[in-house]
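We have chain Y already, so just place chains G, F and E on it with the hints.
Chains as they are written, first to last, in the numbering used here: chain Y, 60 to 402; chain G, 60 to 402; chain F, 60 to 402; chain E, 60 to 402.
Careful, some of the hints might be misleading.
Pairs count within a copy or across copies, as identical chains cannot be separated in the list.
Claimed, not checked - Using 20 Å as the maximum straight-line C-alpha spacing, the simulated SDA-like pairs for lysine to any residue come out as follows:
(1) Lys104 <-> Leu361
(2) Lys223 <-> Glu213
(3) Lys180 <-> Gln373
(4) Lys326 <-> His190
(5) Lys277 <-> Gly111
(6) Lys178 <-> Val150
(7) Lys77 <-> Thr166
(8) Lys180 <-> Glu376
(9) Lys323 <-> Gly254
(10) Lys343 <-> Glu376
(11) Lys180 <-> Glu144
(12) Lys278 <-> Lys399
(13) Lys178 <-> Glu144
(14) Lys333 <-> Glu248
(15) Lys339 <-> Val369
(16) Lys323 <-> Phe367
(17) Lys101 <-> Thr134
(18) Lys343 <-> Thr327
(19) Lys178 <-> Glu135
(20) Lys339 <-> Pro354
(21) Lys180 <-> Asp151
(22) Lys178 <-> Pro168
(23) Lys178 <-> Ile374
(24) Lys180 <-> Thr169
(25) Lys244 <-> Ile374
(26) Lys343 <-> Thr210
(27) Lys278 <-> Thr166
If you're looking for bench data, these hints aren't it; they were derived computationally from the structure.
Every value quoted in this text rests on a predicted model; they were computed, and no experiment measured them.
The lines below spell out each chain.
Number of protein chains: 4
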Amino acid sequence: MKTSKGFASDNYSGTHPKILEAIQKANLGHASAYGNDEYTAKAVKKFKEHFGKDVDVYFVYNGTGANVLGLKTVTESFNSIICAETAHLNVDECCAPEKFTGCKLLTVPTNDGKISVEKLKHHVYGFGDQHHAQPKVISITQPTELGTLYTLKEVKELVDYAHKNNMLLHVDGARLSNAAASLNKSLKEITFDLGVDVLSFGGTKNGMMFGEAVIFRKKELSRDFAFIRKQGMQLASKMRFISSQFEELLSNDLWLKNAQHSNKMAKTLADEVKNIPKIKITQKVEASGVFAIVPKQYVPNLQEEYFFYVWNEQISEVRWMCSFDTTEDDIRDFVALLKKIVK
Amino acid sequence: MKTSKGFASDNYSGTHPKILEAIQKANLGHASAYGNDEYTAKAVKKFKEHFGKDVDVYFVYNGTGANVLGLKTVTESFNSIICAETAHLNVDECCAPEKFTGCKLLTVPTNDGKISVEKLKHHVYGFGDQHHAQPKVISITQPTELGTLYTLKEVKELVDYAHKNNMLLHVDGARLSNAAASLNKSLKEITFDLGVDVLSFGGTKNGMMFGEAVIFRKKELSRDFAFIRKQGMQLASKMRFISSQFEELLSNDLWLKNAQHSNKMAKTLADEVKNIPKIKITQKVEASGVFAIVPKQYVPNLQEEYFFYVWNEQISEVRWMCSFDTTEDDIRDFVALLKKIVK
Amino acid sequence: MKTSKGFASDNYSGTHPKILEAIQKANLGHASAYGNDEYTAKAVKKFKEHFGKDVDVYFVYNGTGANVLGLKTVTESFNSIICAETAHLNVDECCAPEKFTGCKLLTVPTNDGKISVEKLKHHVYGFGDQHHAQPKVISITQPTELGTLYTLKEVKELVDYAHKNNMLLHVDGARLSNAAASLNKSLKEITFDLGVDVLSFGGTKNGMMFGEAVIFRKKELSRDFAFIRKQGMQLASKMRFISSQFEELLSNDLWLKNAQHSNKMAKTLADEVKNIPKIKITQKVEASGVFAIVPKQYVPNLQEEYFFYVWNEQISEVRWMCSFDTTEDDIRDFVALLKKIVK
Amino acid sequence: MKTSKGFASDNYSGTHPKILEAIQKANLGHASAYGNDEYTAKAVKKFKEHFGKDVDVYFVYNGTGANVLGLKTVTESFNSIICAETAHLNVDECCAPEKFTGCKLLTVPTNDGKISVEKLKHHVYGFGDQHHAQPKVISITQPTELGTLYTLKEVKELVDYAHKNNMLLHVDGARLSNAAASLNKSLKEITFDLGVDVLSFGGTKNGMMFGEAVIFRKKELSRDFAFIRKQGMQLASKMRFISSQFEELLSNDLWLKNAQHSNKMAKTLADEVKNIPKIKITQKVEASGVFAIVPKQYVPNLQEEYFFYVWNEQISEVRWMCSFDTTEDDIRDFVALLKKIVK
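Isolated chain Y (complex conformation) (with noise of 0.2 Å):
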C-alpha cells in the first residue's frame, strides 16, 4: 500500500509508536466496560493535572461528536450558538450540530478564522423574546481552521462578554496542543483560567489512534453528560483503549512535543515556500497549518505526489497540514518538487 506522507491533514498519519505501546499494554485481561476501569480513571487523574482538579472530563470518539455532544450539554433546544463562519462546527459536521441541539448556528465572516466581541455582538439581542432563538453559546476553534491563534487575552476578552451576557465560551480545540505549544503555555493557562466552560480536546489529529476529550470547567456544567453521551452514540465500551491512550499521550510531555514538532514543520515549510515567486502565503502560521495560493495550473501535477486539499477553489488557495509525523525530508522533497512545477 501507499504510505508516503503527504500535508492533506494530521488525521492522515496514524498513531504515535508510543501511543500505539500503550494500547498494547493496555490489551491485558479483562476492564471494566463504559469507562469504569483503571485506565479510565488515570487518564482522568492526568487530565486533572493538566487542566485543573476541578475540571469534569469525559472521552468521546472523534471531533463532531466532542463538538456535539458538549453543545448539547449546556443548551436548550431553542437556543443558538455563535461561531466563525469557517467553523468546523458550521462546515465540515453535516448539521450533526442543528440535529441533535436543535440550535441555531449565527455564523461571523473571517478571514483569519477567529471572531471577536465587535464583530458577533451584533447576533447577541432577543433575550426574552419568545420568537427568537436564545444566545447560549459563543464557539471559537483554537487554533483556528486557519491555523491562526486566539491570544489569550482575545480569548479572555470573549469569555467575559460571553459571562456578562450570561453565555458559555466553548472551544473546539481539536488541535488545542498546537495552540498551547505555539503560545508556549500550559493547556490549562489557554483555557480554563482564562474560564472557558466547555471544551473539545483533540486526542487523533496529535498522534492519537482515535479519541477526543469532552472538559467541562466545572461539574455543575457538565450534570447530565454521561447520558446525552450515550444517547449521543459516543459511549466507547472498550473504553480502556481510548482512556490508555490519553494517558499516554498527557505523560512525559508527548502531547506537547508533538504539537511543538508539527508547528515547527508548518513554520519550516512556511520558511522555504515564502520566497518561491507566483506562491502566496495567505495566513499568519501559528500552528500546523500552512495556507497559500498556488496559481491552479500547478495544482494538479503536485497533488499527483501529494494529497492536499484546495481551501478555496476560486482563488486556488491550498491548505498544506503538518502533523507529528512529518520529517524535514518530507518537507525537503515536497518543497523541490514545488519549486521544479511551479519554477
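Frame of chain Y, contents of chains G, F and E only:
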C-alpha cells in the same frame, strides 16, 4: 491493575492478538482519512465475500451507532419500529433510537428474547392513517440478548411478513458471528440469503478493539447512509484502524474461531453448573451467554471474585457471558468457587 | 351539506353558540398579537380562579400540541415517559412525542384505560444508569380514552409515587371537564390539589372551535415554555381568538354545563342500549363515551346513518361519543335504528 | 378594551366580517374531523382554481407551521436551506426549522430582503461530500419581510438555478396576496407557473382568524405531508373552521380586495410621510409595509398612541404595517400626530 477475567460481558475482554497485530501493521505512513483508503477497500471486499456481492457496507464506532444509523437510513420520522421488549435497542440505548430517528419503538413481550409474527402482528395496522405511526421495520437480535437463537425458518417468516407489509427486517447482530457458528451456517446464509434488509454486524464483542459494520442488502437501501453517518457523529477519520481490524477478523476464519470458542465455553459452563443444586439455568444456551438463577444470598460473594450482571433482580437471575478469551481454566475456577459458595 | 349529528367524536361537533358569540365580540379593532392582549389577560385570570392562583397557563392550538409541549418542557431528551398502552399520546399522535422530546414512551397494558403504581412500577428503575432512559414522567388521561375515570385517590397515589421517585405527573385532560362534572368536584380539586404537575386542559372537545391550555402547577415547572411553544409551532398570532373562547368557557359554568350534558347523554345512551340483546357494553360509562360490542354484521348499516369508530376490529367493539350538542332526540333516533338493525 | 388600530402588524387586526360570517355558517351540526369534511373539499377546490389543478394543498394553523412542515416534507435531516438573513424562517421562528427538520439554514446578507443567484451561489457546493450539509432548498419570502417584491423574472431565475442544481424553491407567502395584488398577476402566475415547488400561503395576515396553507406544485412533492403535519402538531380536528375561512377568502376576490386595500394604505402612508423632513423612507413600498427612519427621540411619543415595531434599533428604523382594515382616517390621524411630534 486487576486483569482477571470474569463473565460480565464480552466487551470486558480486550483485543484479539491477531487483530492488534493487524492494527500495528496498518500503522504505517499516511492513509486517506474517512474511509478513502486501501485498508477500507480491502475490508469491504472481505465483507462482500462473506455477505454477498450486492451488499453495501459501512463502518461505525459502536453497536448503538450501528443500530440507530441503520434504522434512520430506512425510516421516516413518523414510522414505528417493532422489537422485543428485551432488545438492546429498547433497553440499553438511552432513547438514542427515538432521539435520532423520531420513530416510536413498539415492543413485544418475550420470555426467550425472540419475537414472532404471531406475537407482533397486533402492532401492524393503521397504514395510511395520519394519526398513526406507520409501521416500517421489524428489528430482531440474533443471537438474542438472552443467548438464544432464531432458526433460519423463524427469520425467514419474519422477513416474509415484513416484506408482505412493505416493511423491512433489521437485525442487530452485535454477536452475529456466534449465531453463525452455532447454526453452522455462513454469515450470508443466516442474513441476506433470507432477505434481511439491514444488519448491524458486531466486531467489538468478537475480539475487536472497537468497530461495527452496518450492512444493507443492496445499494438502494443505503442511499443516504454516508451523510447520516457523518451527521450521526460516527464517521471515523483514521478509518483504517477499524478497517484493518475487520479485514483480519474476516480472514482465516478468525471471526468463526472466536465465536465457536466463546460458544463452546458457554456450553461448558452450562454443563458444569446445570447439575449444581440450587442453580437453575433459565434459557437455552445457544450462543455465548448463560442465564441462570442463583439464590440471592450467594451472589455478592461470587461477584467479589468475578464480575457479572444480575439480569433480573426479582428472581435473582444472572447473566454469564463468555468471550473469545475465556479459558477452560477460567470456567473450572469459577465453577469451583460457585460450588464452594452454594454448597 | 350533511349536518346530521353522529357519535363519532366530540370534535365532530361545532362551536357552542355562546363561544362563537364571544369570538365575535373579540373581533373588534386591533389587539396585540401573541398573547400580549387584554383578552388573554382576562382568560388567564379565569384559569387562576378555577385551577389555583399559583398555576402558570399557556394556550396552544390543539391537544397533541398541548401534550407534547407540556412534556417537552419538563423532560430532557434521555428521559422516559410512562403511559397506558391506550393513551392518545401513544396511539394517536404519530410519534410527535418521540420526535419533539426525544423521550421513550413506556407503555402499560390496560383493560380500562387506567394505569396504577402496581402496573407501572416495573418501568421505574435504572436511575443513574447511563444506558437507561431515565424515568421522568407518568402520564395519565382523565377521563381515559375508554371513558372511564380515575378516582381522586388513584390520582393521588400516582402523584405520590411519581414525586417519591423524583418524577412528575402529567394529565392529558382533553376532556377534563367531563371528569370534574362526573366526579362532582372542581377542576382544581381533581388536579393541582392532588399535586398534578402538568396538565393539558381541553377546549375543543367541550364546545370550543379550537384551543387547548397547558397548565403547570407552578412557575418553576414552566420556565422555558414560551420558547418551546414558539419552536413547537403552537404560538397563535391572533391569540385573542383562543383566549376569548376560554374566557367564555370558564364563565357562568359553561364548561361544566357542557360536560354535564354530554356525560348525561352518554348515560342515557348506555341505559337505552344495555338491554338490547346482542349489544354488550364493555366499559363503565363514567364520562361522555360509551364502548360496546356490536356484532360485526350490524355495523355497516348503522354507520350508513351515523358515523362512529370501530375501536377494536377483532371483537367488534365500537365507541360512541356524546357531545355538548347531542340531544335526547339524537339518542332516541339512534337507538331506534340500532334496535331495528339488530332485531 | 383598547381597540384602536395601529401599524404594528397585520396580525394585530381581527377577522374580516365576511370571513367571520363564513365561520358562523360552517357552525352547523356535525362534520367529519381532520379535514375529511365537505368544507375542506370545497376549499381545496378553490385552491386548485387559483393555483392550478395539479397542486396538492394542506391546511395548518400558522405561518411557522406552514414553513417548517413544508420544508420538512422536501428535505432530509442533512440538507441545507438557503434564505435571506432577514427571513422570518431565520429570525422569528425560534429555531423551529432546525429543530424539526435537522437542516442548517445558510443565510445571505441583504439590504432589501431579497436574495439572488449571484448572492447565494457561494452556498451551493459540496454535493456528494459527506462532511457537508447538502444544499436542497432555496427559500424566499414574497413579498419580503421588508415590504419589497421579487419580480417574476427574479423568481424564475431562482427557480431555474435551484432546479439546475437538483434543488427546490420554497416561497414563504405569508402575505402572498399582497404580492399578487401589487404585481397585478394571479396567484398562480407568481408561483407555480414559474416553477415554485413549495409554498406557504398566508391567511391570517390577510383577514383570516387563523389558518395557513401549504401548497406543493405536484403530488410527488407532498407524499408524506399528512403524517408530517400530524407529527408536527398542526392537524386541526375541527378543520372546517379553517377551510370555510379559506373558501371565503378565495371567493369573490376577497383575498385580492383585502390585499389591494392594505397595499394602497401603505402607499398612501408612504406618500404622506415621505415629505416630512427628518423622516426617511428606507425601502421601496411595494406591498403593505412601510419602513422608515424616525429619529430616536420621537419614537416613544408616537408609540404611546400607536404601537409599531422598531425594526433596527441602531439606525432607528421603524416598520409600519397596513392591514385589510386600515382606513384612510387611521392614516390621516397617524400622520397628523407624526407631523406634530417631529416638527
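Checked hints:
1. Lys104 <-> Leu361: Neither. Shortest intra-copy (45 Å) and inter-copy (31 Å) distances fail the 20 Å Cα cut-off.
2. Lys223 <-> Glu213: Intra 15 Å, inter 44 Å, cutoff 20 Å: intra-copy only.
3. Lys180 <-> Gln373: between (30 Å within a copy, 13 Å between copies)
4. Lys326 <-> His190: neither (48 Å within a copy, 29 Å between copies)
5. Lys277 <-> Gly111: within (10 Å within a copy, 39 Å between copies)
6. Lys178 <-> Val150: both (19 Å within a copy, 18 Å between copies)
7. Lys77 <-> Thr166: neither (39 Å within a copy, 46 Å between copies)
8. Lys180 <-> Glu376: Cα proximity of Lys180 and Glu376: across copies only (19 Å, versus 30 Å in one copy).
9. Lys323 <-> Gly254: Neither. Shortest intra-copy (29 Å) and inter-copy (56 Å) distances fail the 20 Å Cα cut-off.
10. Lys343 <-> Glu376: Within. Shortest intra-copy distance 14 Å satisfies the 20 Å Cα cut-off; inter-copy 40 Å does not.
11. Lys180 <-> Glu144: Intra 15 Å, inter 16 Å, cutoff 20 Å: intra and inter.
12. Lys278 <-> Lys399: neither (56 Å within a copy, 44 Å between copies)
13. Lys178 <-> Glu144: both (12 Å within a copy, 16 Å between copies)
14. Lys333 <-> Glu248: neither (32 Å within a copy, 58 Å between copies)
15. Lys339 <-> Val369: within (14 Å within a copy, 47 Å between copies)
16. Lys323 <-> Phe367: Classified as within; 19 Å inside a copy, 50 Å across copies.
17. Lys101 <-> Thr134: neither (30 Å within a copy, 34 Å between copies)
18. Lys343 <-> Thr327: within (13 Å within a copy, 56 Å between copies)
19. Lys178 <-> Glu135: neither (24 Å within a copy, 32 Å between copies)
20. Lys339 <-> Pro354: within (9 Å within a copy, 48 Å between copies)
21. Lys180 <-> Asp151: between (24 Å within a copy, 18 Å between copies)
22. Lys178 <-> Pro168: both (8 Å within a copy, 15 Å between copies)
23. Lys178 <-> Ile374: between (24 Å within a copy, 18 Å between copies)
24. Lys180 <-> Thr169: This pair counts as both: shortest intra-copy Cα distance 14 Å, inter-copy 19 Å.
25. Lys244 <-> Ile374: For Lys244 and Ile374, the Cα distance exceeds 20 Å both inside one copy (35 Å) and across copies (43 Å).
26. Lys343 <-> Thr210: within (13 Å within a copy, 45 Å between copies)
27. Lys278 <-> Thr166: Answer is neither; intra-copy 29 Å and inter-copy 34 Å both fail.
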